[in-house]
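There are 4 protein chains.
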Amino acid sequence: MSQPPESLTRPRVAALDEILGRAFPVLDDGFVRLIDYMGDDAAIVQAARVSYGAGTKKVSDDRGLIRYLMRHRHTTPFEMCELKLHVRVPMDAWRQWIRHRSASVNEYSTRYSIAIDAAQRTAAHAWRLQAEGNRQGSEGVLDAGAGAAFSRQEAELHDRARAAYQERLAAGIAREQARKDLPLATYTEAYWKIDLHNLMHFLALRMDPHAQFEIRSYAETIGRQIVARWVPLVWEAFLDHRLGAVQLSRLEAAIVAALGRDGSAAALALAAQAGWLARDAAGELARHRERAECEEKLARLGLPCPWHIDNDN
Amino acid sequence: MSQPPESLTRPRVAALDEILGRAFPVLDDGFVRLIDYMGDDAAIVQAARVSYGAGTKKVSDDRGLIRYLMRHRHTTPFEMCELKLHVRVPMDAWRQWIRHRSASVNEYSTRYSIAIDAAQRTAAHAWRLQAEGNRQGSEGVLDAGAGAAFSRQEAELHDRARAAYQERLAAGIAREQARKDLPLATYTEAYWKIDLHNLMHFLALRMDPHAQFEIRSYAETIGRQIVARWVPLVWEAFLDHRLGAVQLSRLEAAIVAALGRDGSAAALALAAQAGWLARDAAGELARHRERAECEEKLARLGLPCPWHIDNDN
Amino acid sequence: MSQPPESLTRPRVAALDEILGRAFPVLDDGFVRLIDYMGDDAAIVQAARVSYGAGTKKVSDDRGLIRYLMRHRHTTPFEMCELKLHVRVPMDAWRQWIRHRSASVNEYSTRYSIAIDAAQRTAAHAWRLQAEGNRQGSEGVLDAGAGAAFSRQEAELHDRARAAYQERLAAGIAREQARKDLPLATYTEAYWKIDLHNLMHFLALRMDPHAQFEIRSYAETIGRQIVARWVPLVWEAFLDHRLGAVQLSRLEAAIVAALGRDGSAAALALAAQAGWLARDAAGELARHRERAECEEKLARLGLPCPWHIDNDN
Amino acid sequence: MSQPPESLTRPRVAALDEILGRAFPVLDDGFVRLIDYMGDDAAIVQAARVSYGAGTKKVSDDRGLIRYLMRHRHTTPFEMCELKLHVRVPMDAWRQWIRHRSASVNEYSTRYSIAIDAAQRTAAHAWRLQAEGNRQGSEGVLDAGAGAAFSRQEAELHDRARAAYQERLAAGIAREQARKDLPLATYTEAYWKIDLHNLMHFLALRMDPHAQFEIRSYAETIGRQIVARWVPLVWEAFLDHRLGAVQLSRLEAAIVAALGRDGSAAALALAAQAGWLARDAAGELARHRERAECEEKLARLGLPCPWHIDNDN
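Protein chains in written order, with the working numbering: chain A, 1 to 313; chain B, 314 to 626; chain C, 627 to 939; chain D, 940 to 1252.
Accuracy of the hints is not assured; some may be wrong.
Okay, derived cross-link-like pairs now, EDC-like style, lysine to aspartate or glutamate, Cα gap no bigger than 20 Å in a straight line [claimed, not checked]:
#, chain 1, residue 1, chain 2, residue 2
1, C, K923, C, D834
2, A, K297, C, E793
3, C, K923, A, D240
4, B, K610, D, D1179
5, D, K1236, B, D575
6, C, K923, C, E846
7, A, K297, A, E220
8, B, K610, D, D1201
9, D, K1236, D, D1179
10, B, K610, B, E533
11, A, K297, A, D208
12, D, K1236, D, D1147
13, D, K1236, B, D553
14, A, K297, C, D834
15, C, K923, A, D262
16, B, K610, B, E469
Hint data in this document are derived by calculation from the structure and do not stem from the laboratory.
Build the full structure now, drawing on both the sequences and the hints.
So, in structure tokens, the structure goes:
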């Protein structure tokens, strides 16, 4: 490698320096606040070029290189950037958040200090209904009349739990024990530091439409308000090559290829061979999760679904 | 290295096989249950000897080698052993537990399934008082009369929170949202898998007398009921070289040496130089945490405390 | 969750127990040898069902669940399985291997013991040529005549380096320094322990045709000889949903959809808009890596390439 | 917690900004060069105070808090700082370096580019002799006359290996294979990024007198040239509470206490009970590593060794 230059300045991102310390509100009383960062788009390129040495003179440009790294999951250059946030989150969402192990965390201690006097409140129109098709999700909301009753009950529960907490403290009970019956929705705060590679993993999972609304709201804020300003080339590549990507399994790829080359009969044969076309007592195609996901992908790709064509005939 | 033998059997620990699947009760309704394990004392020795190659013929015996590894923090051979547990823990304690990032976890999902219908209950005599000297701890308990009232209030809080949860579910509210006001003390369950090196780190922190009672109860059970049976040589070395060890800082070591060689005046001079002997308005030694910790260590080591001798004169 | 059963036995995989300790040869003098394992296909299902609780009664079967977990990157249940191998590898390949950080390693120490007296040898017909299109790869081989000369030179280099090593040791030079000029191809040995999730990440990268031949040979052996025997349902899902999968970027998916719905003009417009269709001085499509990768995917999917159709007209 | 301030500036350390980009030379042709950093002493305090909330108003000062965190291994606040270095290191030392898994790395690729044309050279007076007492170490050096011969042989080996490498490349052999017989001492370069907690772990192991000279030279440079400038309060606490600390095992602490309280007979009894005082055929105390380490600690602490007193009688 060539001789290193004898002086450097730290990369700064003006668009990010502008929002340092600003609390982006999330949910009814939460926030995400940028504390510090390290690196930028150029720092990723620079680290990648250490790997490639003189060879990269030929790699066209920074954008092309970043997209290449993203597409081929060359993840180490993205680890060269770090983000440090101050967040305020309901403990219930924090329980999901903290499962991302590749991050550094300093959380507000309710052993040491009095618990934050706030718990997430739900508006009358914001009580979500259990999803029909997806055991893990929600869809639609309760009508606002019924919702209002649940919101009142929620407020009362919070008040009672807080009152009991205060009474325990007043009686001298240790903070570490007094807190035990606070609601899961109680807010906590933390410093959370993570590198960009692991942050994108977090965002890919938590910006997904199947992620729970609460944590999704935080992920959306981090992604669109902070990461998009910080590393715009990475953000674009992330949207194109991760969030917006479609993955076809070996069989799905074979079905698409058969459709194009040999017509739907060949594609049908592949699906049948994989056991996707079993029928129930009523002669309908039996539920089959992998087949159903394939159908969604075919629809997105504007391709006909061979077993539905067949079904119609 | 010599030729590897052409056949092997997996190490088994009879004392551990006996307790596979047995739930050791913890707290009022929790447990720790051994699901599987990998390796034993001999597997650690075997891995260490890969590193040392032919050279280790000279290392006396397994016990000596394991103690050497523990003393000198040669941690990689301990990573060669794994433990898999099924645990049932109040979410409040689980929040601390999960901060140990070097473990694999599958936790019961209250998005997917109905929350476990149990929350940790506190007996009338088990309400702990806030510690005076330690902002993070507890000491002593509330008298049982007052405690009984808090226990009744606790039961009522649990009942109300559970009733609200059930009403939400009955109205069709999504599980992921309905759970939001369950108390932190609600039980959760998880499979938790960790290697022995990281497990010892967990145990060293969580068996410490300053750890909160609840998580300490789990750590004690894991350590004394399971690890002690599994890898007895490691367990002995852990008690001797980690849990029971005393660490002296550079200054503390210098003070001890000065005491022995030059008498308490020399030791006093060192303490004064470090700013440990400042006095408050009343002429008393001002509070100084580092000095106070030194005093405890001197007492444990049966050595005189130079500034207290001085103080008395 | 229901009451846990009061006894368990550890999962065993008969097909794996048969090969415990057997050294599968790799390269000229390397091997991969299974030392121990933890878990099996059923253990993954069991861990996943802890998460899903009672809810999973509805999930059809183990195979379906494992494929679902693989497809949707629910990775934690795969972490519940561990593999421990004894490997013998040229240090040059080991340098790549060790970059996978989520594993536990005990490597043979050449500070402590005499370096292994073997370095990877290259047969006359096995000198690979630098790839034209890929700066990181190789394709084709040198003719055997020229190769034979290089193989003789290689043997001589090894002999000289080893002789110098021995002379240094004989003169009393420390092992840690004497080894400094051994060739990178010198064999080392290690115990390597990794969980199945991280192992699949290793295999996905190192079984890839772009991985270097040497490490690919180890990955192929681990995958096809060991993992396939150990967790056959996982292995099948891995081949279908990871190794054999095709990922389409947002733009590629849009191009495919445009092709089907609106014909190639619409697809061409998308490509042009993305800057994929710039032409060089000679009027040819300029090199564009992202477009070239799209072309390969279209070919695999049996779909026409809109700019090549266009080009022909 | 109180409301966050609405603006922030990133912490900068003037003493570190001065050396950004400067290559500190290490060994004959290596270097360590600071590329970027995140955080400072104050950032650690700030993160710790998130945990402690309002409570920390009472914690005296930054220095006291940092020393407290270091002493009690509260490691998470130290993770809030990051260092990014560009290093040039012989591959042989890099093999040890890279074993620290909690770091991010982009290494120069010799698949992609021509290997760096430099290997570590040894001066005539710098050939170290194998240590007598420690199988892993070195002590003393070869006389310069004999050393000069080894230095000539080393140069010749390097030249031959490099010539073979060049001939292979000239014949079209792939870079990934051509490099296979370069000496282990060949220099490589990398970007290496690590948080301060993990960096201290690296430094504690690699600044240790038992660490190999080469990697110790890098660790000393990183510690004394960079970390000491960056976080002076942390560096002081690290020297006092980690590098300069003495750890006494449970038994060692009991022996010291017995010495002070009950005299050497009681201490001797403890040692005898632990099996430390077995004698060999000649009636001498048999070698016993744990006892020998205890002797060193007693000497450092200025305390008499009970079995040596006994021995003399």
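Here's how the hints hold up against the structure:
1. C:K923 / C:D834: It holds: about 16 Å lies between the C-alpha atoms, which stays within 20 Å.
2. A:K297 / C:E793: Violated, because 66 Å separates the two Cα atoms, which is more than 20 Å.
3. C:K923 / A:D240: Given that 20 Å is the threshold and the Cα spacing comes to 16 Å, the pair holds.
4. B:K610 / D:D1179: The hint holds at about 16 Å.
5. D:K1236 / B:D575: holds (18 Å)
6. C:K923 / C:E846: Between C:K923 and C:E846 the Cα gap is close to 24 Å, so the pair fails against 20 Å, i.e. violated.
7. A:K297 / A:E220: With a Cα-Cα distance of about 24 Å, the restraint between A:K297 and A:E220 is violated, given a limit of 20 Å.
8. B:K610 / D:D1201: holds (18 Å)
9. D:K1236 / D:D1179: It holds: about 16 Å lies between the C-alpha atoms, which stays within 20 Å.
10. B:K610 / B:E533: Distance ~24 Å between B:K610 and B:E533 Cα, so the pair is violated.
11. A:K297 / A:D208: Holds, because 16 Å separates the two Cα atoms, which is no more than 20 Å.
12. D:K1236 / D:D1147: Holds: D:K1236 and D:D1147 sit about 16 Å apart, inside 20 Å.
13. D:K1236 / B:D553: holds (16 Å)
14. A:K297 / C:D834: violated (25 Å)
15. C:K923 / A:D262: Holds, because 18 Å separates the two Cα atoms, which is no more than 20 Å.
16. B:K610 / B:E469: violated (46 Å)
When held up to the earlier numbered hints, the structure conflicts with 2, 6, 7, 10, 14, 16 and fits the remainder.
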